[in-house]
Structure formats: structure tokens, C-alpha cells
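Please assemble the complex out of the two chains, which come individually in their own frames, going by the hints.
First to last, the sequence lines map onto chains F and C.
Letter 333 of the first sequence, counting from 1, is numbered 333 in full-length UniProt numbering, and no numbers are missing.
Letter 35 of the second sequence, counting from 1, is numbered 35 in full-length UniProt numbering, and no numbers are missing.
Just so you know, these hints were derived from the structure itself, not from any lab.
Be careful, since some hints might not be right.
With a straight-line Cα cutoff of 27 Å, these simulated DSSO-like cross-link-like pairs (lysine-lysine) come out [claimed, not checked]:
#1 C:LYS46 x C:LYS13
#2 F:LYS69 x C:LYS46
#3 C:LYS52 x F:LYS72
#4 F:LYS519 x F:LYS529
#5 F:LYS69 x C:LYS41
#6 F:LYS456 x F:LYS504
#7 F:LYS72 x C:LYS13
#8 F:LYS448 x C:LYS52
#9 F:LYS555 x F:LYS519
#10 F:LYS14 x C:LYS52
Listing some non-contacts, in silico: residues in chain F with all C-beta distances to chain C over 10 Å [stated by the list, open to error]:
#11 LEU9
#12 GLU170
#13 ASP449
#14 LEU453
#15 PHE468
All of these numbers come straight from a predicted model, not from anything done at the bench.
Every residue, glycine too, gets a C-beta built ideally from N, C-alpha and C.
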Amino acid sequence: MAHEISLSLEETNKLRLSLGLKPINAKADDKKDVSRTQGKENKREPNDKSEGAGADSHGYERSAFIDDKVSKLRWNLKRAKSKISSPVTLVDEDDAADGQDWLTSVGTRKKPKRTLDKVYEEQEEASQDVELGMKISHRMSDFSGRRNVILTLQEASVDAEDKEDVLVDEGVTQDLQQAKRLELKRMNQDRKRKGVGANFVSENEDQEATSLRLVNGKIVDEETLTLQQEPEASQDNRIKASIEPSASEDEERQTTDFAPIKIKKRKKLKSSSLSQKRSRPVSQIPKVTLVNEDAEDPAEEELQGFLKIRKSRSSKADSSERSAEQIAIEARKEALERKERATKVANVKISQEMVLDENSVFLHNLKKDLISNKSSSHKFEKLNLKAPASDEAQSVPGSKATDERASVFEKKDEPQFHEGLASTLSFLKERNVLPQQPKASTASLRSKDLELLALKQKLETRKVKEKFKEELSQDKIQYSREELDRIEELQHQEIAKRNQSLQKERLAGYNPEVKLTYKDERGNELTTKEAYKQLSQAFHGTHSNRRKLTKAQRKVEQRNQQNQHENFM
Amino acid sequence: MIEVEVNDRLGKKIRVKCEGEDTVGDFKKVLALQLGISWTKIVLQKGGAVLKDHITLDDYEVHDQTYLELYYL
Numbered sequence: 001m002a003h004e005i006s007l008s009l010e011e012t013n014k015l016r017l018s019l020g021l022k023p024i025n026a027k028a029d030d031k032k033d034v035s036r037t038q039g040k041e042n043k044r045e046p047n048d049k050s051e052g053a054g055a056d057s058h059g060y061e062r063s064a065f066i067d068d069k070v071s072k073l074r075w076n077l078k079r080a081k082s083k084i085s086s087p088v089t090l091v092d093e094d095d096a097a098d099g100q101d102w103l104t105s106v107g108t109r110k111k112p113k114r115t116l117d118k119v120y121e122e123q124e125e126a127s128q129d130v131e132l133g134m135k136i137s138h139r140m141s142d143f144s145g146r147r148n149v150i151l152t153l154q155e156a157s158v159d160a161e162d163k164e165d166v167l168v169d170e171g172v173t174q175d176l177q178q179a180k181r182l183e184l185k186r187m188n189q190d191r192k193r194k195g196v197g198a199n200f201v202s203e204n205e206d207q208e209a210t211s212l213r214l215v216n217g218k219i220v221d222e223e224t225l226t227l228q229q230e231p232e233a234s235q236d237n238r239i240k241a242s243i244e245p246s247a248s249e250d251e252e253r254q255t256t257d258f259a260p261i262k263i264k265k266r267k268k269l270k271s272s273s274l275s276q277k278r279s280r281p282v283s284q285i286p287k288v289t290l291v292n293e294d295a296e297d298p299a300e301e302e303l304q305g306f307l308k309i310r311k312s313r314s315s316k317a318d319s320s321e322r323s324a325e326q327i328a329i330e331a332r333k334e335a336l337e338r339k340e341r342a343t344k345v346a347n348v349k350i351s352q353e354m355v356l357d358e359n360s361v362f363l364h365n366l367k368k369d370l371i372s373n374k375s376s377s378h379k380f381e382k383l384n385l386k387a388p389a390s391d392e393a394q395s396v397p398g399s400k401a402t403d404e405r406a407s408v409f410e411k412k413d414e415p416q417f418h419e420g421l422a423s424t425l426s427f428l429k430e431r432n433v434l435p436q437q438p439k440a441s442t443a444s445l446r447s448k449d450l451e452l453l454a455l456k457q458k459l460e461t462r463k464v465k466e467k468f469k470e471e472l473s474q475d476k477i478q479y480s481r482e483e484l485d486r487i488e489e490l491q492h493q494e495i496a497k498r499n500q501s502l503q504k505e506r507l508a509g510y511n512p513e514v515k516l517t518y519k520d521e522r523g524n525e526l527t528t529k530e531a532y533k534q535l536s537q538a539f540h541g542t543h544s545n546r547r548k549l550t551k552a553q554r555k556v557e558q559r560n561q562q563n564q565h566e567n568f569m
Numbered sequence: 001m002i003e004v005e006v007n008d009r010l011g012k013k014i015r016v017k018c019e020g021e022d023t024v025g026d027f028k029k030v031l032a033l034q035l036g037i038s039w040t041k042i043v044l045q046k047g048g049a050v051l052k053d054h055i056t057l058d059d060y061e062v063h064d065q066t067y068l069e070l071y072y073l
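Chain C on its own, in the form it takes in the complex (with noise of 0.2 Å):
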């Protein structure tokens, strides 16, 4: 299990635990289930690349504690 922390910059800042073999799909739709919205409408971004959702955490190199950008559309 990892814990990512996964920040707006406007005010929300969400831990979400999860597997580094979650697809960034299924890493937002937790994501948006804590956060109450619809998970299609939401971009993350690891240092300024857009995570896409077909695409494992770990292979963007997601590990525990890392940081990560939320952007809504």
C-alpha cells in the first residue's frame, strides 16, 4: 500500500492510499469518491506531467509520499 498526497493548491489536500498497480484510472476514481465529483473531470499532474489513465502509478513512478497535482477541468 502507498499514500499519495494529492494536492488543488486551492484549498483541498487529499491523502489517498492506494497499490502502485492501480491505474491512474482507478487512482482518480478513489480520488473523486473522497472528494465528491466526477472523476472524469479531473487532471493529475506529477512534477507537470499529465498522468494518463490507462497508466500505472507505478509506472509513473508513484511511491508512497509522493506529491501529486490536481487540476479540474
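For reference, chain F alone in the conformation it holds in the complex (with noise of 0.2 Å):
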């Protein structure tokens, strides 16, 4: 069971005081309860009077209830009960004597107009003189059947004045909404059933249109008051109406009946509208008008022809200048430099082995005075005087060429790279520019190096040979095979102990071509490609699968025992 916790005022405020709260003043809210509770009575009696004995009558006591709540929720059930008790509670006293016997009044014109009394009471209050009369938009057998009808005022445009006010009972407006529906369900179905073409006659065309009014709270046939009344008819503020259906005319339409469907089609953009609308026309496109650019301005034209002109001119007296001799002489010059470059190409091939190389010493001899600098390089001064003169001695003696020649040389002081490679490299050889073929010099040390180490060794083995045919000798013992096998054995080791120091010497610089092969672990040898990706994967951490592994390794054994095959074949 729920331990229920409750704390007096006095604790509640003292915990919201220690938690900065404001505490709770019981005084003021006890005097403010009071006023509450004074200000329901007070605005309960007026009710009470009103609802007339009716509630006194249940003997309801509100001071026997203190709690507010509990006494209203009381109240509001009293309430609620004695109105399912009697529901004519807002009828007149006199009225109500009458509803005792309601049974016999049923179909009577007069109940519903019971009901609206009041309300036209109090609207006679409101204006006394004026008397009103009301349009009521239902025939009187609508009423007939029920006690209790609400009118209600038809809603209708602030702005139409003339029109007369109707009074309307909303549940008999809906009920019949409601059969016009069905109706025009029914009339469906039948139509389907029955095709379109058939007719029906809807009921409402039927009935007989009937007005009634209200006047003085009670409910007249306009028929009726217009026999008895008619001349007071232009006193009273009547206006004449013909009972409609409830329902507007624009519902009605919406409801009635089959209205042919009105479906817009869309209209369909035509392609060639769209393509119309895209292309300019013709006259917008701005035309073009094609300029020969080609097209020379008479100014350049004119300087053009005079530049032919001076052209031809003087290619045509370059030509008819150049007489014969002239030809002559530049075609002996060629020769001779043809010549020239022949003889050092010769020159080069005997100085063998002269390699033009960019090493640092090449370059570390080009200075800038090379050109001028010609005084310091004496030797070559000799060389170029040799050639000239072995040229001499071979070529058949003549005063012009040998005139010719001397010009060359002449020449030949400034340098003419024009000339090719050879020439070129004479002039830098001239320059001393060249290093004095050095690696055929090193070459040479090297060769004669090895010979004298070859010399060397055999002279050792000829020592150690003789040695031991001395020692032989001298024992003059007869040894046998073995023992001689075994000398001769210990001979060799001899020599090659001795030579040990020169065959290294000797194999210092040697460097043989370098044939690399790749082998796996059991020996197998492997091409690069196969060695690269051992390596890579063993770098990687990484490894094909067992089934590649298998492939591979099937494939390497394939090809080992076919190379060991081609090797016993």
C-alpha cells in the first residue's frame, strides 16, 4: 500500500526557506479561497433564480462542502441531472404546466414555438413596438415530430438588406442534405443499371412549397395570415417568402445531378511552334561580310614587287659577277679542305685512341684567352709544320699550290669550327688544350705492368722448379710414382704460395663482365622477373597464394631440367 507522505505548512516553508524559496503566506491564500468561494456563490445565485425551482428543488446545499473542487464537480453533476430530468427548463412557468401533458400536444403547432418564446421574448424586450415576423424555412410536419427545435438564423450576406430573415433548424437542414444525398446515390445506381437515358422525376419537385412564419412567438401559415391580415400586412415589418429548400441553389447544383465533366486539354506545344520560337529570323542574324585578309594593300603590294625586284637583281648579278676563275679557285679550296680534313683524321688515328670526353679536365682547360693564346703551345707549331711538309713530299710540287696551301695556313691561325670535328680538334690540340692522351699512356703503363708481373711469375715457378730438381739431385734417390706425384704436387703449391703476392698485384684492376644470376632455395636459377618479385614480396612481408606458389615453382623446375638436358645434349 502507498505510504502517503504529507508535511504541514510550518515544514514546507521552512525546507523552502533553506532552499531560497519564497515560503508559502497560508493566510492570504486562505482569505483569497474565501473570496473565490463568495464570488461562485455570488455569481451562482443569479443563475439559480433564473433556473427557477428546478434546482432547489433537488435540495442542493453548497456549505456542506468545503473543498472547492469536489463541491463544484458536485454541482456540475446536479446540474447535469436535473436537466436529463426535466428538460423544460427553460420554459415559462405557465409554459410548463401546459408540458405535463406533452403527450397529448405532439404534432401540435404549438411546441415548437414553445421552445422559441423565449428568445422572442426577448427580442420584444429589445424592441417593443417593432413586431417581428420570421420566416421559417421548414414545413410544419418537420416539426411535428420532436419537442425541442432549435432555430437558428439562415446565414446570409451582411450586405443584402432586402432579403428577409429565415430561420432554419440545422438538424432538419442535414437530415434532409443527407436524404437528397441518398436520393442521388439511388438515382445513380439506377442509372447505372438502367442506362443514361432515363428519366426520373426527383420529389422535391414534388412537394408543395409551404411558409410559415412565426409571429408573436407563434407559428402561422403564411397562407393563413395572409387571408386574416391582409390589411395589416403593410403595418407589420412581414415580408413575403415562399419556403425553399433548405439547402442554397449553388449546393443544390452541386449536388443535383450528373453534370457533364468538363476536362481541359492541354494543349499540346507544337514542336514547330518551339523551333520557331528558338530560331531567330533571318533578318535578326547579322550578316558577315568575308574579308580577304590575303588581299594585299597596294602600299605593301608595291613594296613587294620592288623587294622581287631588287631580289633578282642582285641574285642575278651575284651570278653574272662570278666569273669563271673564281669558281675555279672555290672549287680547289674545297678540295683542299677536303684534303686537310682527311690528312687530320689520319693524324687523330695514329695519335690513337683519343677520346673527347666532358671530364673536368677537358673543361678546366678551356679558358678565355684560348683563342689568342697560341704562343705558349710550341710543339704543336712543329706538328703543324711536319704535316704540311709530308704533305709536300706527297703531292706533286707546283709554285701555285704551294702558294695556295700557304694561304690556307695563313688561315688557318684563326679557328674554323665551320670546317667540322677535325678541325676543331686540331685547334684545340694546337691550344694545348687537350690532355696529352693520357689513358693511352696509362693504358700502356698498365700493359707493360702486367708483362713484367707475368715475367716475374714465370721466373718464380722457374726458381721453384729448379729447386727442387736441385734437391732431387742431390739425394739421388729413386722414388717412386707416388712419391714423385706428391713432389711435384708440393711444387705446384709452392708456386703458387710465391705467386700468391704477384697474381694479386696482377689482378688488381681486374674487371671481367659481371653475369648475375638469381638462384632460390633449392638452388633453381631464376630470371630476373621471377627474382625481382621474390625480393619485392620479401620486402613487402607479402607472398602469392600456395596455388601461384606451386605454378611458379613447377614452371622454374620445367625449365631447369630443360637447360640440363640442352647441357648433356
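Structural data, given as C-alpha cells:
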């Protein structure tokens, strides 16, 4: 079971103070409560009066309840009960007396009037002089079955002053609408069965419109009214009207019948129209006049013509000026140059293994005063002098030729790089730029050394052999063949020992062609590709799957076997 | 002054006196003191809606005799 905790007001106030909250002021609250209840009582009093003896008759005592809420609830409950028990609460006392025999009065005109009476009494109070006549939009038969009918003013636009106020019973109108809908539904179903052509006459048309009016809280037939009070009609602020079906005309139109369905067809945009839109009218396209840019200006043309003439003239003049002798001289010159070149190339060949490479020595020798600095190289002048001498010896002596040669050599003092690589080389030689065939010298040195070493080795071997021979001869002992073999072996060992250092010296610069072979764990030779794969896999810590490994292995072994087979063959 | 009924449906039913203009946080503090627990460790609901601390009881339409559910975090 729930353990209920409830602190007193003082205790809670203590707590609140400790929390820094405002303490609850009980007295003020009590006062407020009192005032509240009093207010409620005050409010209720007129209500009670208006309700008459109904509530009092139930013996309701508010003072008995202390608690506000409960009392309120009880009050509400009582009220509801009283409503149920005596529904005619809003009716006057004299009417209430009549209300007792309500059963007898079912179907009479009085009943709807009864409920409305009060409302119109109020209205009468408001405007006593004006006699009100309100139209009711229902037939008497609509009201006959029920007791309490609430009529409300039909909605109308504010502007329409001419329109009469019409009273409508909401419930009835709703019922009517419902009925109409049902009817239409039925009609539709029939139509579906019988075809569209079937004619139907709506019952509404059959119904005769009877007009009722509310005058002085009584519902009166208009016809009778008009008969009885025709002279008064003008005085009364009454407006004639006929009963219409409760629903407005618009509504009726909507609900009534098959209106042909109108579907707006969507206009298809023609492609042609679209294209027309896009394409510009022809007139708008700017006309482009084609201009030939190659066409020459008159001035330029003139200039070009002039230039042409000049060119041709100059060429002509050149050709004409050259005499046959000159041509011959040129030809000779060329021939001479060729010869020179040939001799130089020969010289180069003679000097052996002249390699021109871009090493630092060569670059170091290139100086600024290379061209002018000729005096330093005396050796090469000699060389140059030699070459023509040899040429002279070889060639047939001729005064003219010698003269020309002299001129050529004079020319040679200037650097002539256009004559080809050979001339350039010779020039460089003259200036002592090229190193004095260092490679050749070193190579020769090396070869000499090697020869020396070989000789030394030979010497050593001979010495050893002689020594052995001497020993053998001195002892004069017959050696068996095995012993002789052993001695020979010893001899070889001795020779090897002695020659070891020499051999080392000999093989110091030994640089044979290196052939790399890769072998796997089993000693099978691998191709570079396979070896690389192994290496990289080892490096990355990966490996191919078992199937691939076996496949590769098989391949390698097959190849190995083939190789072996070939070797045997 | 209003008196609110708080029930944790685990065996505790507390009636707390407070003001309508108290915030839920204040209310929780008072309630927690009565219960002897931390006020941050409880959740109050009214009709299944969790009451937030910074909103007053009046705003939640908590009146006299209103029933609040109490949950422990």
C-alpha cells in the first residue's frame, strides 16, 4: 500500500526557506479561497434564480462542501442530472404547466413555438414596438415529430438588406441534405442499371412549398396570415417569402445531378512552334562580309614588287659577277679543305684512342684566352710544320699549289670551327687544351706492368722448379711414382704461394664482365623477373597464394630440367 | 497555496504544498527534500508529459490536488 507523506505548511515553509524559496503565505491563500468561493456563490445566485425551482427542488446545499473542487464537481453533476430529469428548463412556468401533458400535444403547432418563445420574448423586450415576423424555412410536418426544436438564423450576406431573416433548423436541414444525397445515390445506381436515358422526377419537385411564419412567438401559415391579416400586412414589418428547400441554390446545383464533366485538354505545344521560337528570324542574323585578309594592300604590293625586283637583281648580279676563275678557285679550295681534313683524321687515328669526353680536365683547360693564346704551344707549331712537309713530299710540287697552301695555313691561325670536328680538334690540340693522351699512356703503363708481373711469375716458377730439381739430384734417391706426384704437387703449391702476391697485384684492376644469376632456395636459376618478384615480396612481407606459388615452382623446375637436358646434349 | 499529489507507484505517495508560480525545479527541490534524495535524480510527469525544470507549475496547469507521476533516474 502507498505510504502517504504529507508535510505541514510550517515544515514545507522551512524547507522552502532552506532552499531559498519564498515561503507560502497560508493566510492570504485562505482569504483568497474565501473570496473565491464567495465570488462563486455570488455568480451562482442569479443562475439559480433564473433556473427557478428546478435546482432548489433537488435540495442542493453548497455550504455542505468545504472543498472547492468537489463542490464544483458535484454542482456540475447535479446540474446535469436535473437537465436530464426535467428537460423543459428554459420554458416559462405557465408553459411548464402545459408541458406536463406534452404527449397529447405531440404533432401540434405549439411545440416548436414553445421553445422559441423565450428568444422572442427577449427580442420583444429589446424592441417592443416592432412586431417581428420571421420566416421559417420548414414545413409543419418537419417539427411535428419532435419536441425541442432550435431554430437558428440562416446565414446570409450582410449587404443584402432586402433579404428576409429566415429561421432554419440545423438538424432538419442536415437531414434533408442527407436524404437528398441518398436519393442521388439511388438515382445513380438506377442509372447505371437502366442506362443514362432514364428519366427521373425528383421528389422535391413534387413537394409543395408551404410557407410558415413566426409571429408573436407563434408559428402561422402564411396563407392564413395573408387571408386574415391582409390589411395589416403592410403595417407589419413582414416580408413575403415562399419556403425554399433549405439548401441554397448553389449547393443544390452541386449536389443534384450529372453535370457533364468538363476536362480541359492540355494544349500540346507544337514542335514547329517551339523551333520557330528558338530560331531567329533571318533578318536578325547579322550579315558577315567576308574579308580576304591575304589580299594585299596596294602599298604593300608595291613594296613587295620592289623587293622582288631587288632580290632578283642582286642574285643576277652575283651570278653574273662571278667569273669562271673564281668558281675554279672555290672548287679548288673545297678540294684542299677536304684533303686537309682527311690528313687530320689520319693524324688523329695515328695518335690512337683519342677520346673526347666531357670530363673535368677538358673543361678546366677551356680558358678565356684560348683563341689568342697560341704562343704557349710550341710543340704544335712543329707538328703543323711537319704535316705540310709530308704533304709536300707526297703531292706533286707546284708553285701555285704551294702558294695556296700557304694562304690556307695563314687562314688556319684563326679558329675554323665550321670545317668540322676534325678542324676543331686540331685547333684544340694547337692550344694544348687536350690532355696528352693520358689514357693511352696509362693503358700502356698498365700493360707493361702486367707483362712484367707475368715475367716475374714465370721467373718464380722456374726458380722453384730448379730448386726442386737440385734437391732431387742431390739426394739421388729413386722415388716411386706416387712420391714423384706428391713432390710435383708440393712444387705446384710452392709456386702458387710464391706467385700469390704477384697474382694479387696482377688482378688488382681485374674487371671482367659481371654476370648475375639469381637462385632460389633449391638452387634453381631464376629469371630477373622472378627474382624481382621474390625480392619485392620478401621486402613487403607479402606472398602469393599457394596455387600461384606451386605454379611458379613448376615452371622454374621445368625450365631448369630443360636447361640441364640441353647441357647434356 | 496548492497541494500537489505525487506518486511514484512504488509505494510512495507524497503531498507537496507549493505555489502555482513555483517552477518545476523548485517543486522538485522541495519534493526531493521530503523524499531525502537528489532533486536532479527525479522526473515528474503529468499525464505522461515530462515536466521541464524551468517552467512553472501554473504553465503546466498544475492545480490543487493535481496528480503527478514520479520517476527516479
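Outcome of the hint check:
Taking the CA atoms of LYS46 of chain C and LYS13 of chain C, the gap is about 15 Å. The hint holds against a cut of 27 Å. For the given pair, LYS69 of chain F sits about 19 Å from LYS46 of chain C by alpha-carbon distance, which is consistent with the 27 Å threshold. Among the hinted pairs, LYS52 of chain C with LYS72 of chain F is inconsistent with the structure: their alpha-carbon atoms are about 30 Å apart, more than 27 Å. The straight-line distance between the Cα atoms of LYS519 of chain F and LYS529 of chain F is roughly 12 Å, inside the 27 Å bound, and the hint therefore holds.
In summary, the hint linking LYS69 of chain F to LYS41 of chain C is not supported, as the alpha carbons are separated by about 32 Å, beyond the 27 Å threshold. Between LYS456 of chain F and LYS504 of chain F the alpha-carbon distance is near 13 Å, which keeps this suggested pair within the 27 Å criterion. Under the criterion of a C-alpha separation no larger than 27 Å, the hint pairing LYS72 of chain F with LYS13 of chain C is consistent with the structure, at around 25 Å. About 109 Å separates the Cα atoms of LYS448 of chain F and LYS52 of chain C, which puts this hinted pair outside 27 Å; it is violated.
With a C-alpha separation of about 14 Å, the suggested pairing of LYS555 of chain F with LYS519 of chain F holds against the 27 Å cut-off. Restraint check: the Cα-Cα separation between LYS14 of chain F and LYS52 of chain C comes to about 25 Å, which is no more than 27 Å; the hinted pair holds. Some Cβ of chain C comes within 10 Å of the Cβ of LEU9 of chain F; the nearest lies about 6 Å off, and the non-interface call is violated. Every Cβ of chain C is farther than 10 Å from the Cβ of GLU170 of chain F; the closest lies at roughly 33 Å, confirming the non-interface assignment.
At the 10 Å boundary, the C-beta of ASP449 of chain F stays outside the reach of chain C, the nearest C-beta of that chain being 100 Å off. Under the 10 Å C-beta cut-off, the non-interface status given to LEU453 of chain F relative to chain C holds; the minimum distance is some 101 Å. At the 10 Å boundary, the C-beta of PHE468 of chain F stays outside the reach of chain C, the nearest C-beta of that chain being 111 Å off.
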